[in-house]
Structure formats: C-alpha cells, structure tokens
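Take these sequences, add in the hints, and give me the full structure.
Under our numbering, think of the first position of the sequence shown as 4, with each following residue one higher.
Don't read these hints as lab results, they were simulated from the structure. Even for Gly, the Cβ is constructed at its ideal location relative to N, Cα and C. Be a bit skeptical, because a hint or two may be false.
Computed Cβ-Cβ distance ranges for the label pairs, DEER-style [as the list claims (entries may be wrong)]:
#1 Asn-186 with Arg-92: 15 to 25 Å
#2 Asp-81 with Leu-124: 24 to 34 Å
#3 Asp-134 with Asn-85: 25 to 35 Å
#4 Val-63 with Lys-108: 17 to 27 Å
#5 Leu-50 with Lys-108: 35 to 45 Å
#6 Gln-148 with Pro-67: 40 to 50 Å
#7 Pro-103 with Asp-25: 37 to 47 Å
#8 Leu-124 with Gln-148: 17 to 27 Å
#9 Glu-220 with Ile-98: 18 to 28 Å
#10 Pro-103 with Asp-132: 23 to 33 Å
#11 Ile-98 with Lys-123: 41 to 51 Å
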Amino acid sequence: MNNSSPASYESLEFIQALSGNDNRLLLGVTGGIASGKTTVADMLEELGAPIIDFDILSRVVVEPEKPAWKDIVSYFGDEILNEDKTLNREMMRKIVFSDPQKKIKLESFIHPRLGSEYTKLVSEYAKKDPDVIIQVVVPLLVEAQMQTTFHKLLMVYVPEEEQIKRLTKRDNCSKGMALSIINTQLSVEEKKGYCDFLIDNSESLDETRKQVEDFWEKIKQIQVSRKKSR
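Shown next, in the form of structure tokens:
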C-alpha cells in the first residue's frame with residue numbers, strides 16, 4: 004500500500020505554505036521502488052540534510068485511533084485490521100490494487116492529514132535553521148505531479164533488472180509480481196527528464212556515497228547562490 008503522494012499538492016496555496024520567507028531549500032528525492040532512496044537519504048542526512056519521508060508520514064497518520072484510521076476503518080470495515088488494530092497493509096494493498104475507486108477513497112482519507120503533517124515538519128525545520136536544506140523522500144513524486152512544490156529534484160535509480168532482483172528479495176515476491184509493481188510507475192527514463200540531479204545506485208555503497216558527496220557540494224552552492232540573490 005503506497006498512498007504517500009497526493010496529486011493535490013501542486014496547488015498554489017500548498018506551495019506558498021511551504022516556500023516561506025526564509026532561505027529554506029526543499030529537495031525532492033524520488034526514484035523507482037527498490038532503487039535505494041532510503042540509502043541515499045540516510046547518506047544525505049549524515050551530511051546535514053534532515054529527512055521527511057512520505058512513506059513514514061503515511062504510516063504515522065493512519066496509526067490506531069487517529070482521524071484517518073477511523074475514516075478508513077469506517078469505510079473498509081474491521082477486517083482490514085491486524086490484531087493490534089494497525090492496518091493490514093498487505094490486505095489494503097490488494098484491495099486498492101484491484102479497485103481504482105477504493106484507491107481514490109483511501110487517498111481521500113490519508114492525503115489531507117499527510118499534507119498537514121508535512122507542512123508542520125517543514126516549518127519546524129525552517130524555524131530551527133532558515134537556511135536548511137530539507138530532503139523530502141516521495142516515491143511517486145513525478146507520478147503525483149509534485150515537481151512544482153520543490154526547489155530541486157534528485158532521482159535515485161538502478162537498471163530494471165537490478166530493481167526486480169532487489170524487490171523480489173526484499174518483499175519475497177515473484178518476478179512477475181515485482182514487474183507488475185514496477186510497471187505501475189513511470190519508467191526510469193521518463194522520470195529522469197523531470198529531475199535536476201541523478202544518482203546511479205547500482206554499484207557499490209562507496210560509489211554511491213561518492214556521488215552523494217559530490218551532489219551535496221553542488222546543492223550547497225545552489226543554496227548559497229539563492230541566498231545572495233534574495
């Protein structure tokens with residue numbers, strides 16, 4: 004179940020709420036499933052960029068007894084709950100995968116709360132450091148047309164064969180299922196056209212780290228230039 008990319012986030016009101024009057028830089032981090040976005044994000048965090056991960060936020064807003072959780076249970080029924088009252092994400096994934104209308108309904112419960120949490124976190128980080136570079140990890144950033152809500156976009160990618168290999172191992176699913184999931188997203192080549200920076204995560208961790216460090220120096224220079232031009 005992945006409902007962490009609201010298309011409504013390209014609205015002018017939302018963009019203005021995030022932009023602020025300081026020198027914050029919002030970096031959208033995206034990439035296909037099992038491409039290693041978290042690995043790259045962790046490296047960037049070590050260098051000084053706090054993380055807002057939409058997958059994590061989407062889990063937080065549906066914790067038991069929260070408003071989104073109540074709406075979901077009211078609509079889908081108690082059968083989508085685990086024994087501890089958390090959502091059975093595997094069951095929910097199957098439901099929305101097979102019924103587009105239910106997917107839309109689920110998103111209508113989650114996205115408004117997700118947006119509120121997101122803007123709150125951005126404001127908190129910017130209050131602590133007006134020059135902060137905040138990395139926002141959004142798996143389906145391009146598919147959700149969220150490009151306009153960020154100052155710069157970074158894409159993490161691996162070849163499709165490597166993506167399938169990692170996904171089958173990580174999620175213990177068949178090659179066919181992995182390919183079906185991958186095909187619900189835009190292709191790597193399509194996404195590349197929307198992004199300002201690319202990181203190839205198909206080699207060693209050392210090689211990825213080198214790319215991340217090079218990127219970090221570039222994005223810091225962009226931030227300095229933005230501040231001078233304000």
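Given a hinted range of 17 to 27 Å, is it respected by the beta-carbon distance of Val-63 and Lys-108?
Because 20 Å falls inside the window, the suggested range holds.
For the pair Ile-98 and Lys-123, does the Cβ-Cβ distance stay inside 41 to 51 Å?
violated (29 Å)
Hint check for Asn-85 and Asp-134 - Cβ pair distance inside 25 to 35 Å
violated (43 Å)
Return holds or violated for the Cβ distance of Asp-81 and Leu-124 against the range 24 to 34 Å.
holds (31 Å)
I want to verify a distance hint. Is the separation of the beta carbons of Leu-50 and Lys-108 within 35 to 45 Å?
This hint holds: roughly 40 Å between Cβ atoms.
Should the hint that Glu-220 and Ile-98 are 18 to 28 Å apart at their CB atoms be regarded as holding?
Taking Cβ atoms as reference, Glu-220 and Ile-98 lie about 45 Å apart, which means the hint is violated.
Is it true that the C-beta distance of Pro-103 to Asp-132 lies inside 23 to 33 Å, as the hint says?
violated (41 Å)
Does the Cβ-Cβ separation between Asn-186 and Arg-92 fall within 15 to 25 Å?
Since Asn-186 and Arg-92 have Cβ atoms about 21 Å apart, the given range 15 to 25 Å holds.
Can you tell me whether the CB distance of Pro-103 to Asp-25 sits inside 37 to 47 Å?
holds (40 Å)
Can you let me know if the beta-carbon spacing of Leu-124 and Gln-148 is within 17 to 27 Å?
holds (21 Å)
Taking the beta carbons of Gln-148 and Pro-67, is their distance inside 40 to 50 Å?
For Gln-148 and Pro-67 the Cβ distance comes to about 31 Å; the hint is violated.
Going through the hint list in order, the structure does not satisfy hints 3, 6, 9, 10, 11.
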